[in-house]
Amino acid sequence: MYTGDGLNERHLVAGERLSELVVGAEQVGFDLIGVVDHLRWEVDGQPHGFRESTTLLAAFAEATSSIRLASAVLNAPFRNPALVAKIAVTIDDISGGRFTLGLGAGGGPDIEYEWFGFDADHRYSRFEESIRIIHGLMRDGRVDFHGAYHRASECVLTPTGPRPGSVPILIAGEGHKMMRLAARFADEWNGLTFDTPTPQSFAPLLSRLDEACAEVGRDPMTLRRSVDIIAAPTGVVDHGLANFGIPLHGQPGELARQLRAFGNLGISEVRLLLWPQSYDTVAAMGPVLEALDQLD
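Residues in the sequence shown are numbered from 90 upward in steps of one, following our numbering.
Honestly, I wouldn't trust all of these hints.
As the list claims (entries may be wrong) - The following label-pair restraints were derived from C-beta to C-beta distances: (1) D210 to P293: 28 to 34 angstroms; (2) A209 to E343: 36 to 42 angstroms; (3) H265 to F205: 28 to 34 angstroms; (4) A372 to S154: 17 to 23 angstroms; (5) I200 to S108: 26 to 32 angstroms; (6) H211 to E263: 17 to 23 angstroms; (7) E109 to R297: 38 to 44 angstroms; (8) G118 to D210: 41 to 47 angstroms; (9) E263 to D210: 28 to 34 angstroms; (10) Q340 to V245: 51 to 57 angstroms.
Note that these hints are calculated values from the structure, not bench results. Don't be surprised by glycine CBs; every beta carbon is placed ideally from N, CA and C.
Please put together the full structure from these sequences, using the hints given.
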């Protein structure tokens, strides 16, 4: 389940109640909470501001006890890569080893970057340097890197966090170059299917991911795969959601079967952007998760 903010400010959950929403998701039976990473958008000409994602993740780590946490995904241009590694192991430490560091080259419109003073050009090249620094610090504990966009001079990551091998790394991206980086550096690859949420539409991406693994000499079975899907378990679909994609919806058994179909593709995890972001929506997923367990 993804949280953090809605798609328009009228859906924004009050800050002091966000942790309650996440605890509710843990109690219902969700396996993971992912937090989106944006700063400000405009939807239909209306402003939409996001809360800072890593701050939320630290708060959720403290508020919960068993549910896994993930950045979904950090936009690389927003932060220094060595600092990202530091943030990741800190959240993992607070959570007791429940955090996955999700990374992306940077989605969203250029204006979002301009508003906050970040460079929006050469996003792939910047990300390639970022992941080399982050991976080096989190897997080897140190890195000395000097690139065109980023540098880390004899940087040492300490403390290293609670887990041997450090925090799992997820890379999101459906282009060939991003898939190659995932095959080389990541523990998990993530894609999305918002417009056509069916296994048939997603299967070609998995074939391309297998090809990327072969190119770098990696066994594709060692790379976890996850997919992002919009879901509206209460059946509420409004105009704001129409800007982003088509949600899965239906009775609990029907929704469970739709989700299981992705698992049959070899997907390790289906991640849901629930609509609307509310306590009722989270509660409505309880029967869906129960029906899903019965399909196992």
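Do the hints match the structure? See the list:
no. : hint                             : verdict
1   : D210 to P293: 28 to 34 angstroms : 29 angstroms, holds
2   : A209 to E343: 36 to 42 angstroms : 41 angstroms, holds
3   : H265 to F205: 28 to 34 angstroms : 29 angstroms, holds
4   : A372 to S154: 17 to 23 angstroms : 19 angstroms, holds
5   : I200 to S108: 26 to 32 angstroms : 31 angstroms, holds
6   : H211 to E263: 17 to 23 angstroms : 19 angstroms, holds
7   : E109 to R297: 38 to 44 angstroms : 40 angstroms, holds
8   : G118 to D210: 41 to 47 angstroms : 43 angstroms, holds
9   : E263 to D210: 28 to 34 angstroms : 20 angstroms, violated
10  : Q340 to V245: 51 to 57 angstroms : 54 angstroms, holds
Violated hints amount to a single one, hint 9; each of the other numbered hints is respected by the structure.
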